[in-house]
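2 protein chains.
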Amino acid sequence: MEITGRSLIGQSDIQLDGKPVYAVNPATGETLEPAYHCGGIDEVNRACDLADKAKQVFRVTSLEERAVFLETIASEIEALGDVLVQRCMQETGLPQARIEGERGRTCGQLRLFASVVRAGEWLDARVETAMPDRSPLPRADLRQQSIALGPVAVFGASNFPLAFSVAGGDTASALAAGCPVVVKAHSAHPGTSELVGRAVQSAVAKCNLPEGVFSLLYGSGSELGQALVMDHRIKAVGFTGSRSGGIALTVAAQSRPEPIPVYAEMSSINPVFLLPNALETNAQELATGFVGSLAMGAGQFCTNPGLIIALRGEALDRFLSTVVSTISEVAAQTMLTPGIHRAYVNGVEALSANENVRLLGCGKDGEQPNLCQAAVFVASASDFLVDERLQDEVFGSCSLVVECEDMAQVLSVALKLEGQLTATLQMNDDDLAHAQFLLPTLEEKAGRVMVNGWPTGVEVCHSMVHGGPFPATSDSRSTSVGSSAIFRFLRPVCYQNLPQALLPKNLRDDELSKVSHLWDGKRV
Amino acid sequence: MEITGRSLIGQSDIQLDGKPVYAVNPATGETLEPAYHCGGIDEVNRACDLADKAKQVFRVTSLEERAVFLETIASEIEALGDVLVQRCMQETGLPQARIEGERGRTCGQLRLFASVVRAGEWLDARVETAMPDRSPLPRADLRQQSIALGPVAVFGASNFPLAFSVAGGDTASALAAGCPVVVKAHSAHPGTSELVGRAVQSAVAKCNLPEGVFSLLYGSGSELGQALVMDHRIKAVGFTGSRSGGIALTVAAQSRPEPIPVYAEMSSINPVFLLPNALETNAQELATGFVGSLAMGAGQFCTNPGLIIALRGEALDRFLSTVVSTISEVAAQTMLTPGIHRAYVNGVEALSANENVRLLGCGKDGEQPNLCQAAVFVASASDFLVDERLQDEVFGSCSLVVECEDMAQVLSVALKLEGQLTATLQMNDDDLAHAQFLLPTLEEKAGRVMVNGWPTGVEVCHSMVHGGPFPATSDSRSTSVGSSAIFRFLRPVCYQNLPQALLPKNLRDDELSKVSHLWDGKRV
Chain A
202 MEITGRSLIG
212 QSDIQLDGKP
222 VYAVNPATGE
232 TLEPAYHCGG
242 IDEVNRACDL
252 ADKAKQVFRV
262 TSLEERAVFL
272 ETIASEIEAL
282 GDVLVQRCMQ
292 ETGLPQARIE
302 GERGRTCGQL
312 RLFASVVRAG
322 EWLDARVETA
332 MPDRSPLPRA
342 DLRQQSIALG
352 PVAVFGASNF
362 PLAFSVAGGD
372 TASALAAGCP
382 VVVKAHSAHP
392 GTSELVGRAV
402 QSAVAKCNLP
412 EGVFSLLYGS
422 GSELGQALVM
432 DHRIKAVGFT
442 GSRSGGIALT
452 VAAQSRPEPI
462 PVYAEMSSIN
472 PVFLLPNALE
482 TNAQELATGF
492 VGSLAMGAGQ
502 FCTNPGLIIA
512 LRGEALDRFL
522 STVVSTISEV
532 AAQTMLTPGI
542 HRAYVNGVEA
552 LSANENVRLL
562 GCGKDGEQPN
572 LCQAAVFVAS
582 ASDFLVDERL
592 QDEVFGSCSL
602 VVECEDMAQV
612 LSVALKLEGQ
622 LTATLQMNDD
632 DLAHAQFLLP
642 TLEEKAGRVM
652 VNGWPTGVEV
662 CHSMVHGGPF
672 PATSDSRSTS
682 VGSSAIFRFL
692 RPVCYQNLPQ
702 ALLPKNLRDD
712 ELSKVSHLWD
722 GKRV
Chain B
202 MEITGRSLIG
212 QSDIQLDGKP
222 VYAVNPATGE
232 TLEPAYHCGG
242 IDEVNRACDL
252 ADKAKQVFRV
262 TSLEERAVFL
272 ETIASEIEAL
282 GDVLVQRCMQ
292 ETGLPQARIE
302 GERGRTCGQL
312 RLFASVVRAG
322 EWLDARVETA
332 MPDRSPLPRA
342 DLRQQSIALG
352 PVAVFGASNF
362 PLAFSVAGGD
372 TASALAAGCP
382 VVVKAHSAHP
392 GTSELVGRAV
402 QSAVAKCNLP
412 EGVFSLLYGS
422 GSELGQALVM
432 DHRIKAVGFT
442 GSRSGGIALT
452 VAAQSRPEPI
462 PVYAEMSSIN
472 PVFLLPNALE
482 TNAQELATGF
492 VGSLAMGAGQ
502 FCTNPGLIIA
512 LRGEALDRFL
522 STVVSTISEV
532 AAQTMLTPGI
542 HRAYVNGVEA
552 LSANENVRLL
562 GCGKDGEQPN
572 LCQAAVFVAS
582 ASDFLVDERL
592 QDEVFGSCSL
602 VVECEDMAQV
612 LSVALKLEGQ
622 LTATLQMNDD
632 DLAHAQFLLP
642 TLEEKAGRVM
652 VNGWPTGVEV
662 CHSMVHGGPF
672 PATSDSRSTS
682 VGSSAIFRFL
692 RPVCYQNLPQ
702 ALLPKNLRDD
712 ELSKVSHLWD
722 GKRV
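Just so you know, the protein sequences line up as chains A and B, in that order.
If you're matching positions, the first sequence starts at 202 in the working numbering and goes up one per residue.
If you're matching positions, the second sequence starts at 202 in the working numbering and goes up one per residue.
To be clear, the hints were calculated from the coordinates, so they are not data collected in a lab.
C-beta atoms are modelled at their ideal positions from N, C-alpha and C, and glycine is treated no differently.
Please note that a few of the clues may not be correct.
What the hints assert, rightly or not - For the chain B half of the interface with chain A, some residues (derived, Cβ under 10 Å), not all of them: (1) Gln455; (2) Asn555; (3) Glu556; (4) Glu619; (5) Leu633; (6) His667; (7) Pro672; (8) Gly683; (9) Leu703; (10) Lys706; (11) Arg724.
Take these sequences, add in the hints, and give me the full structure.
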């Protein structure tokens, strides 16, 4: 597979002549060929027109056809082989093992959604049969299933160039729901995007689907991205990125004549509470675990532990002292882009300049460009409670430890938190009462509550919630990881008194037994 | 039970001294005692503070406790007896049988949600047990359930003083989800609201729930209503009413530091397609069915058939001629409020003045105040396709017939429609191909598609969807009638590696078998 610099609109690949954008190897600063020329309103129009033409055919493909399509995308991505891994390493500075692991996760995710489509739970099929003799009024035959919302715009993330990008979770779940997808490639990894886009394009052709099921565009967020969200044929948006970017898309989507849902996963500092007995017993182990989670992948995860909350005292001092010694050994790692590196340096500088905060310890520095030097800061809970800047996410290996006077103050800190993707309790059996004291608040603040683990590492499965109250996401009722992600792109339709020949296939009497459904309110 | 004019905040009833508002008997123009004094920011603050204090206790009540609470509300409403029916008739001009029927529906709805709570489907429980030996990485124990969003603001509707008001569908589903509710009473039926509010208040006390589970406030939409939606403790909004009102609340909710979901059911003209063979065979029957649906309850239903689409020709002429003769016999009926009557008259006048439209026929007029004189207009499809005013909802017994040249033009009309609550096909066996031609578009335009019925009359059941794309509602992924309405007020939380003692009760090993759940992705 060749890397050409072209946009993919349906089955065409198109050489544009807009402003050229090049990928940069963040480890070397080297510019990578070829140029990717920005598209504009014309390309948005063409892609959305094709998506609109494809939507009715695509949303009524059989469960099996759609599952095979998702599996074909996975095979086509695997068939790209080492070309994909090498290009992705060049564009992101991420190590080979990480890219290969992420490719496995991406293909596994596509296959999970294939199994989800086949199982048919997502249809939420419901039936109430006619009661013509009911008094005072007869009841008509009533059936319900969920249908695809329509074409979805997906904005790839910088930090997962495969798993949250062109064929990542948003695309996989939207396609699984029966929605055509128009992706705006992240400009940090255009070549990786093109390769994966060509794999999807090839799967569309192999499965004889209408070409508008998938397009891949390049361009700036403020022009092409906005135009995409404002296009009347787009019916939902998936986004992973910054808080400002997510809010801008949400505002745009709400300003349309027909507002549409935006699923933006934006900002989270993932508080970890070190409960007193666990801290007393395990201060050193907790410190090394924490630094390991913090430093992983230069801290470039949405679930990076950016906030530690614990009681002031001797046990916390032991924890902090081990953090200092452990972090001092952490090698600087290349960040994904010069822009992300710049934002990280600015964030660390802002904390350093904040008089409510003291620097606890740092990782190693280095000579190469775009290195992330890990940093941990400390603040008192009383300062944290009044200084809202201390909740700003610093994307990278940076974290803040908040020292509390007592458990009541720990609860005050929890109550003060903005919405989060995760909240973690480090505890042992003797901390149960403390955990019960905090848990109701943590459930209300976060989409995932965990015990004795670290928030980095998100299992792709049926029980996962990678979401949470604002600003973690723009819609706390949803998840962007795991099989429930499909529900973001569906809406229910009730069919009243339709003859069997008109009913959607899955709701017909002879097909109903194939999927889980509610019959008169009872699960069958 | 006495009618006092007081606001209900938790278990208190409070005599305010703000601007007084009186109900008006629309049939006589008579002002009804007592005065209801408008609340403001202080009352919003007190109600939201109590709701916030109640939320954690209320959301973890057992399934049985919450079900009994809903059933107790129903019994308390029934115990109000004839006082409620009489007051409601005075405030709405609706006949006794309608009010009694609506009371039955309201209590049935509460009991349906009690059964929904007990069944536990709404928990969407999911479990993936730990795989400590999995390679390359172990899997933690992961469980998911949905939890209540938090306090919900409910805005009662004018046209269902019981079923869509203080203890109507929004309140019932929010309470079922475990959310405290703060209701802003509709100013058209304050006494009815107080009586029902006292029934709910009494149920809260009888069930020993925290008082903040329910409050009832009076005031203007632009002051008290806005203050309620802007209060940081409110986490979702349920609304049924006008398009402008729903959009204003949505904009306010989006402008909060923490945006929240608004479920506004707003505007729908409920197109009915008379397919050629059904029209040919049944023109007269269709005409009388149509006028019956149009005139029912002075047309004051969200699902009133405001648009008829058919092919021009002799069969349509027969239909129209029967419409003229039938509607001429329709007696004028009292509308709910002077404001609604004024809007109806203005809407009919606007159509009469529109040169693209001709008046087909009218119902009888009368001498009493606030009467709805039914009216049917006709326009050509070519005019309909270019004149967007013809899609404006005229709330009341007013409808527009659109004459098309051929089925392609019928499809063009369908494609031009805004989002709808319902879309109806009148058809016989010979119309199957026509129906198949239109159905995919109707599914995309409406929340409920029906055959050979009339859209008025909404069954409260598990398969119902009373929702639809904008502007029918602000969130097409939801319904405000039927058991799925509960999902509007829930969000998923994942629990990772929690000891049994910390897990929510319904997710513990010894409780799981009591509710339907996904185990490793398989339905159990």
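Going down the list of hints, with the structure as the test:
no.	hint	in the structure
1	Gln455	holds, 5 Å
2	Asn555	violated, 22 Å
3	Glu556	violated, 25 Å
4	Glu619	holds, 8 Å
5	Leu633	holds, 6 Å
6	His667	holds, 8 Å
7	Pro672	holds, 8 Å
8	Gly683	holds, 8 Å
9	Leu703	holds, 6 Å
10	Lys706	violated, 13 Å
11	Arg724	holds, 5 Å
Hints 2, 3 and 10, counting from the list given before, are not met by this structure.
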